[in-house]
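Participant: Listed below are the residues making up each chain.
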Amino acid sequence: MEDTLHSLMLGFSVALQPSNLWYAFLGCLVGTLVGVLPGIGPLSGISILLPITFGLNATQAVIMLAGIYYGSQYGGSTTSILMRIPGEASSVMTCIDGNAMAKKGRAGAALCIAAVGSWIAGTFGIIVLTIVAPPLATLALRFGPPEYTALLVLGLIFLAYMSSTSLVRTLLMACLGLFFGMIGIDNMTGHFRYSFDLPELGDGIGIVPVAVGLFGLGEILATPSKNVIGEVIRPKLRELLPSREEWRQSAWPIARGSVLGFLIGIIPGSAHIISSFLSYALEKKVSKHPEEFGKGAVAGVAGPESANNAASTGAFVPMLALGLPTGPITAVLIGALMVHGVNAGPQLITEHPDVFWGFVASMYVGNLMLLALNLPLVGIFVTVLRIPYAYLYPLIIMFCVIGVYEVSHSIVDVWIMLIMGMLGYALRKFGFDPAPLVLGLVIAPVFEQSLRQSLIMSNGNYMIFTQRPIAVMLLIVSAGLLLMSAISFALKRKDWRAKLAEVEAGEGSS
Amino acid sequence: MDRRSFVIGTSTCAAAFASGAAFAQETYPSHPVTIVNAFPPGGVNDIVTRPLASVLEGILKQPVVIETKAGAAGQVGAQVVASAKPDGYTLLSHNTGITGYAEVDKLFDRPAKATRADFIPLARLIADPCVVLVNDQQPYKTLKEFVDDVSKRPDAIIYSSGGLYGATHFPMALLEQAAGGLKMRHLPTNGGGPAITAILGNNAQVTAQSVSASLPHIKAGKLRPLASFGGERSKALPDVPTLKELGYNVEYYLWVGIFAPKGTPTEIVTLLNSSINKAVHSDTFRGVLANVGQDLAYLDSAQFAKFWEEEGKRIDAVVKAIGKQS
Amino acid sequence: MILRSDHVAGAAFAAFGLLIVALSGDLPFGRLAMPGAGFLPNLVAGLMILFGVLLVLRASQESAPLTDIDWNDLQHAAPVISITAAGIALYTRAGFIITMVAMMVALLVLVERRSIFRAGLYSLVVVLLAFGLFAKFLRSPLPLSPFGF
Numbered sequence: 001m002e003d004t005l006h007s008l009m010l011g012f013s014v015a016l017q018p019s020n021l022w023y024a025f026l027g028c029l030v031g032t033l034v035g036v037l038p039g040i041g042p043l044s045g046i047s048i049l050l051p052i053t054f055g056l057n058a059t060q061a062v063i064m065l066a067g068i069y070y071g072s073q074y075g076g077s078t079t080s081i082l083m084r085i086p087g088e089a090s091s092v093m094t095c096i097d098g099n100a101m102a103k104k105g106r107a108g109a110a111l112c113i114a115a116v117g118s119w120i121a122g123t124f125g126i127i128v129l130t131i132v133a134p135p136l137a138t139l140a141l142r143f144g145p146p147e148y149t150a151l152l153v154l155g156l157i158f159l160a161y162m163s164s165t166s167l168v169r170t171l172l173m174a175c176l177g178l179f180f181g182m183i184g185i186d187n188m189t190g191h192f193r194y195s196f197d198l199p200e201l202g203d204g205i206g207i208v209p210v211a212v213g214l215f216g217l218g219e220i221l222a223t224p225s226k227n228v229i230g231e232v233i234r235p236k237l238r239e240l241l242p243s244r245e246e247w248r249q250s251a252w253p254i255a256r257g258s259v260l261g262f263l264i265g266i267i268p269g270s271a272h273i274i275s276s277f278l279s280y281a282l283e284k285k286v287s288k289h290p291e292e293f294g295k296g297a298v299a300g301v302a303g304p305e306s307a308n309n310a311a312s313t314g315a316f317v318p319m320l321a322l323g324l325p326t327g328p329i330t331a332v333l334i335g336a337l338m339v340h341g342v343n344a345g346p347q348l349i350t351e352h353p354d355v356f357w358g359f360v361a362s363m364y365v366g367n368l369m370l371l372a373l374n375l376p377l378v379g380i381f382v383t384v385l386r387i388p389y390a391y392l393y394p395l396i397i398m399f400c401v402i403g404v405y406e407v408s409h410s411i412v413d414v415w416i417m418l419i420m421g422m423l424g425y426a427l428r429k430f431g432f433d434p435a436p437l438v439l440g441l442v443i444a445p446v447f448e449q450s451l452r453q454s455l456i457m458s459n460g461n462y463m464i465f466t467q468r469p470i471a472v473m474l475l476i477v478s479a480g481l482l483l484m485s486a487i488s489f490a491l492k493r494k495d496w497r498a499k500l501a502e503v504e505a506g507e508g509s510s
Numbered sequence: 511m512d513r514r515s516f517v518i519g520t521s522t523c524a525a526a527f528a529s530g531a532a533f534a535q536e537t538y539p540s541h542p543v544t545i546v547n548a549f550p551p552g553g554v555n556d557i558v559t560r561p562l563a564s565v566l567e568g569i570l571k572q573p574v575v576i577e578t579k580a581g582a583a584g585q586v587g588a589q590v591v592a593s594a595k596p597d598g599y600t601l602l603s604h605n606t607g608i609t610g611y612a613e614v615d616k617l618f619d620r621p622a623k624a625t626r627a628d629f630i631p632l633a634r635l636i637a638d639p640c641v642v643l644v645n646d647q648q649p650y651k652t653l654k655e656f657v658d659d660v661s662k663r664p665d666a667i668i669y670s671s672g673g674l675y676g677a678t679h680f681p682m683a684l685l686e687q688a689a690g691g692l693k694m695r696h697l698p699t700n701g702g703g704p705a706i707t708a709i710l711g712n713n714a715q716v717t718a719q720s721v722s723a724s725l726p727h728i729k730a731g732k733l734r735p736l737a738s739f740g741g742e743r744s745k746a747l748p749d750v751p752t753l754k755e756l757g758y759n760v761e762y763y764l765w766v767g768i769f770a771p772k773g774t775p776t777e778i779v780t781l782l783n784s785s786i787n788k789a790v791h792s793d794t795f796r797g798v799l800a801n802v803g804q805d806l807a808y809l810d811s812a813q814f815a816k817f818w819e820e821e822g823k824r825i826d827a828v829v830k831a832i833g834k835q836s
Numbered sequence: 837m838i839l840r841s842d843h844v845a846g847a848a849f850a851a852f853g854l855l856i857v858a859l860s861g862d863l864p865f866g867r868l869a870m871p872g873a874g875f876l877p878n879l880v881a882g883l884m885i886l887f888g889v890l891l892v893l894r895a896s897q898e899s900a901p902l903t904d905i906d907w908n909d910l911q912h913a914a915p916v917i918s919i920t921a922a923g924i925a926l927y928t929r930a931g932f933i934i935t936m937v938a939m940m941v942a943l944l945v946l947v948e949r950r951s952i953f954r955a956g957l958y959s960l961v962v963v964l965l966a967f968g969l970f971a972k973f974l975r976s977p978l979p980l981s982p983f984g985f
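Just so you know, the protein sequences line up as chains W, U and Z, in that order. Quick note, the first sequence lines up with residues 1 to 510 if you use the numbering used here. Quick note, the second sequence lines up with residues 511 to 836 if you use the numbering used here. Quick note, the third sequence lines up with residues 837 to 985 if you use the numbering used here.
To be clear, the hints were calculated from the coordinates, so they are not data collected in a lab. A couple of the hints might just be wrong.
Calculated pairs, EDC-like style, for lysine to aspartate or glutamate (alpha carbon to alpha carbon, straight line, at most 16 Å) [claimed, not checked]:
1) W:226 with Z:909
2) U:729 with W:351
3) W:104 with W:292
4) U:834 with U:615
5) U:729 with U:646
6) W:288 with W:245
7) U:693 with U:646
8) W:429 with Z:904
9) U:651 with U:749
10) W:429 with Z:906
11) U:788 with U:567
12) W:295 with W:433
13) W:226 with Z:904
14) W:429 with Z:862
15) W:429 with Z:948
16) U:616 with Z:862
17) W:104 with W:246
18) W:295 with W:246
19) U:616 with U:826
20) W:288 with W:246
21) U:654 with U:686
22) U:595 with W:351
Here are some chain W residues the structure puts well away from chain U; computed CB gaps all over 10 Å [to be verified]:
23) 25
24) 48
25) 116
We treat Cβ as the ideally placed atom computed from N, Cα and C, and that holds for glycine.
Let's have the full structure, built from the sequences with the hints guiding it.
Facilitator: What follows is the structure, given as C-alpha cells:
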C-alpha cells in the first residue's frame with residue numbers, strides 16, 4: 001500500500017508538470033468534442049492527434065491519447081439527451097430516459113447527472129486500477145468463452161426487465177435484434193448469411209445505424225411539429241441544475257453503475273456497450289418505481305452513463321497490467337508507446353514506472369478537467385432546445401445522416417438507418433419497444449461465437465458451463481431471476497408490469 | 511453571358527455532376543488513407559501495421575488510419591477491401607491466411623468471396639517463423655514431452671488459433687500431421703491477440719504465434735516456447751530449437767503483407783510501393799521491429815507478387831490436407 | 837371477429853420467421869453439441885414464429901382493433917421519409933453541403949411551410965458549421981460535390 005502511494009506520488013509529479021497538464025487538457029478537449037459529435041468516435045479523434053504525438057515523449061503521447069478516449073465517454077450522452085441520437089454507441093440507453101427528461105424540461109439536470117456520474121465512475125475506476133490492477137487483470141483473463149456465454153444469458157434474461165411492454169413483445173423484439181446481429185459473414189466458419197451478395201453487409205449490420213434509425217429518426221417520424229408544444233422542451237436556464245431529489249435518486253445508480261461497468265470493462269473483448277444495457281436493466285429491476293423508466297427516470301441516465309465510463313477505465317487494466325490490448329483504442333495507445341520505444345507488456349510497471357504511474361495519475365487529473373469542462377457546457381448545449389421544433393428536426397435528421405455516414409463512410413449504413421427509422425415508426429404504431437432489439441443486436445455476434453467456442457472447448461458437452469466458477473455464478477443469478485418471475489407468476493401476484501397497466505388504464509379513463 | 515455559353519456551361523456542370531468525383535482529380539493522396547486490418551489488436555498484424563502507418567503518415571503527408579475489421583479468420587477484412595473503391599484510399603493489412611480463402615470456399619462448395627486475384631500485393635513486411643507456445647500452467651518443458659502427452663491423451667489438449675483456416679491454424683495442423691496424426695481440439699478466435707489471451711487465461715493450452723506478439727509474455731514467464739517453425743533459430747529466442755532440428759519436417763512462416771484492391775490505378779500502386787519501401791527502411795520502423803524482436807523480411811510489390819504465387823500453391827495444399835472441418 | 841393490431845403484427849413476425857427459415861437452406865445446421873452457421877438463426881426464426889403465433893392468439897384480449905391505430909402523423913412521416921431518401925441518394929454524388937442544404941430546405945419549405953428565405957439561411961449556416969467541425973477541424977472526410985466543396 002505504501003509502495004502504491006509512493007509510486008502514485010511519483011506519478012503525480014509527472015502528471016502535474018505543466019506540459020503534461022496541457023496535453024491532458026488537449027486530449028480531454030478533443031475527446032469531449034468527439035464524444036458530442038455523433039459518428040465521430042474516439043478512434044477518429046485519436047487519428048487526428050496521432051501525428052502530433054510523434055514530437056512528444058511516450059508519457060505525453062499516452063496521456064493525450066487516453067484523454068481523448070475517456071473524454072469521449074463524457075460527451076457521448078449529450079446528443080442522446082438532446083436529440084435522441086447516441087453520440088457514441090455506448091450511450092444508446094441514455095437516449096430513452098435522457099431524452100424523456102429533456103422533454104420534461106430537465107435536459108440540464110440530465111446532462112449534469114451524466115457528467116457527475118461519469119466523473120465519479122471514472123475516478124472510482126482509476127482508484128481500483130491503482131490499487132489492484134495486476135491481480136484483477138489475471139482474474140479477467142479467466143473470463144473465457146463459457147463465462148462470456150453465461151454473462152450474455154444473464155443479459156438476455158435481463159432483457160425482460162428492459163421494456164415495459166409485455167414479455168412476448170419484448171422477446172419478439174429481442175429475436176429480431178438477434179437475427180439482425182447474425183447477418184453478415186459467420187465469424188466461425190466464414191459462411192455468408194442473409195446478405196444477398198451485398199458486400200457491405202459482410203461486416204454485419206452496425207449498432208449505430210440501427211440505434212440512430214430506431215431512436216432518432218423513428219421518433220421524428222412519429223412526431224409532427226403541430227403536436228409539439230413549445231414550452232415543453234424549452235428549459236429555463238436557472239433550472240439547469242438537478243434538484244436535491246434528483247441527486248438523491250441518482251446516488252445509488254451511479255454507485256452500482258460504476259462497479260458493474262468497471263467489472264465488465266476489464267473483461268477482454270468488446271463488452272462495453274453491454275455494460276450500459278445491463279446497468280439500465282439492473283436499475284429498472286431494483287427500482288421502487290420501474291414504471292417511471294422510459295418516461296424520464298433519473299436512474300435510467302445515471303446508471304448507464306456511469307457504467308460506460310467505468311468500463312472505459314476498466315479497459316485499461318489488461319493493457320497496463322498485461323500489455324494486452326483488448327480493443328482498438330488500447331491498441332492505438334500501445335502502438336504509440338511502441339513508436340516511442342516503450343514496450344507495453346507485463347513488465348511495463350517495472351521497466352517504465354514513470355510512464356505507467358504518470359499515466360495513471362494523469363487520469364485523476366483528466367477526469368477533474370473533464371468535469372470542469374463539461375458542466376459549463378451544459379448551459380450551452382441546452383440552448384439547442386430553444387430552436388423551435390420545426391427547425392430542430394431537420395437539423396436532427398442531418399445529424400442522423402452525418403453521424404451514421406461518418407462511422408465507416410458507407411452509404412449503405414445510411415440506407416439501413418432510414419429503413420430502421422421506418423421500422424421504428426411502424427413498431428411504435430403496433431406498440432413495440434425498440435430497446436430490446438438493439439440489445440439483441442449487440443449480444444448476437446458475441447453470444448453465438450462464445451457459445452460455439454465453449455462447445456468446442458468441451459467437445460460438445462454443455463456441462464462446461466457448470467464446471468467453471470464464474471460461469472456457474474452467473475447462471476445461478478440468471479436461474480434465480482427466472483425462478484422469481486415464475487413464483488410471482490404462479491402466485492398471481494401483480495408484478496410491476498400489471499401495476500403499470502393498471503395505472504395506464506386509470507389514466508386513460510380519467 | 512450569351513445563350514450558347516450558358517447551354518455549354520450547364521451541360522458541362524451536369525456532366526461533371528453525373529461523373530461524380532472524376533471531376534475533382536487531385537494528386538493522390540488528398541485525404542486520409544485507411545489501412546483495414548483484418549485482425550484484432552494484440553496479434554502480429556497490429557504490431558507491424560501500426561508503426562508502418564505512423565511512418566507512412568510522414569511520407570504520404572496524409573493521416574494513415576488503421577481500421578480493425580476482424581472476423582472469420584480475416585475474411586471479413588479481406589472481403590471489405592476486395593469490394594472497396596480501388597482508389598488507393600483503402601488498403602489491407604493481412605497475412606498468410608488471405609492465400610487460402612478461395613480454396614476453403616471450394617471445400618465448402620460456396621461462391622468465392624475473396625480470391626487472390628482480388629488483390630494487388632504491395633509489400634511483404636515480415637515473415638515470422640511461428641513458435642509453439644504453452645502457458646505456464648502446463649508441465650511440458652520440451653516439445654517431446656508435449657507430443658508424447660498429446661498422443662497419450664488424444665482430444666484432451668486445446669489449441670487456440672486466429673480462426674478456422676487462418677494463418678495460425680495452418681502451423682498447428684502441419685505439426686499435428688508431421689507428428690504422425692496428433693489429435694487436439696481447435697479453439698478458433700478472431701486473431702492472434704484473442705488466441706494469446708485464450709492461452710494466457712488457460713482457456714486453451716497451446717498455440718502457435720509470431721515471436722513479436724508473444725515475446726513480452728515469454729519474457730514475463732507466462733508463456734513457454736517449445737519449438738520454432740523456422741528454417742533456423744530466431745534471433746530473439748536463440749534457445750528455442752526449430753522443428754527441423756527436432757526431426758519434424760515442417761517449415762512455416764507467418765508473413766504480413768499490405769494489399770490494395772484490384773483495379774487500383776498503376777501510378778498509385780507505384781507511389782505506394784516506393785512509399786512503403788521508404789517507410790520500412792526508416793530508422794523508426796526498424797527500431798520498433800528490433801524492439802519487439804521481429805526481423806524485417808521486406809519484398810516489394812513485384813517480388814511479393816511472385817512469392818505469393820508460389821505460396822498460393824503451398825497453402826492450397828495445406829487447406830486440402832486439413833479438409834472440411836465443422 | 838374484429839381484426840386487431842396484434843393479429844397483423846403477430847402474423848407479420850411469423851411470416852418473417854418463415855422467410856428466415858427459407859433463406860437459411862444452404863447454411864449448415866450442425867448439431868446441438870456443435871452448432872453450425874445455420875443453427876442459431878433457425879432457432880431465432882423458430883422463436884419468432886412461436887411468439888408471433890402467441891401474439892395472434894392473445895390478440896383478442898390484449899390489443900386494440902387495427903382501426904384504432906392513429907395514422908394521422910403519416911402525413912408528416914411520409915414526406916419526411918421521401919425527402920430523407922432523396923437526400924441519401926444524392927449524398928455521395930452531390931456532396932455533403934449541397935445535399936444537406938437542399939434536404940433541410942425541402943423539409944422546412946415543403947413540410948413545414950416556412951419561408952424559403954429563412955429556411956435557406958438557417959440551413960446554410962448549420963450545414964456550413966457542421967462541415968467546418970467535421971471536415972475541417974476533425975479532418976474526417978465528408979463526401980464532396982463534383983465542384984470540389
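Participant: Each hint: holds or not?
Facilitator: Status of each hint after checking the structure:
| no. | hint | in the structure |
| --- | --- | --- |
| 1 | W:226 with Z:909 | holds (10 Å) |
| 2 | U:729 with W:351 | holds (12 Å) |
| 3 | W:104 with W:292 | holds (13 Å) |
| 4 | U:834 with U:615 | holds (10 Å) |
| 5 | U:729 with U:646 | holds (12 Å) |
| 6 | W:288 with W:245 | holds (15 Å) |
| 7 | U:693 with U:646 | violated (22 Å) |
| 8 | W:429 with Z:904 | holds (10 Å) |
| 9 | U:651 with U:749 | holds (12 Å) |
| 10 | W:429 with Z:906 | holds (8 Å) |
| 11 | U:788 with U:567 | holds (12 Å) |
| 12 | W:295 with W:433 | holds (13 Å) |
| 13 | W:226 with Z:904 | violated (21 Å) |
| 14 | W:429 with Z:862 | violated (35 Å) |
| 15 | W:429 with Z:948 | violated (23 Å) |
| 16 | U:616 with Z:862 | holds (15 Å) |
| 17 | W:104 with W:246 | holds (13 Å) |
| 18 | W:295 with W:246 | holds (14 Å) |
| 19 | U:616 with U:826 | holds (10 Å) |
| 20 | W:288 with W:246 | holds (15 Å) |
| 21 | U:654 with U:686 | holds (13 Å) |
| 22 | U:595 with W:351 | violated (45 Å) |
| 23 | 25 | holds (22 Å) |
| 24 | 48 | violated (7 Å) |
| 25 | 116 | holds (32 Å) |
Violated hints, listed in ascending order, are 7, 13, 14, 15, 22 and 24; each of the other numbered hints is respected by the structure.
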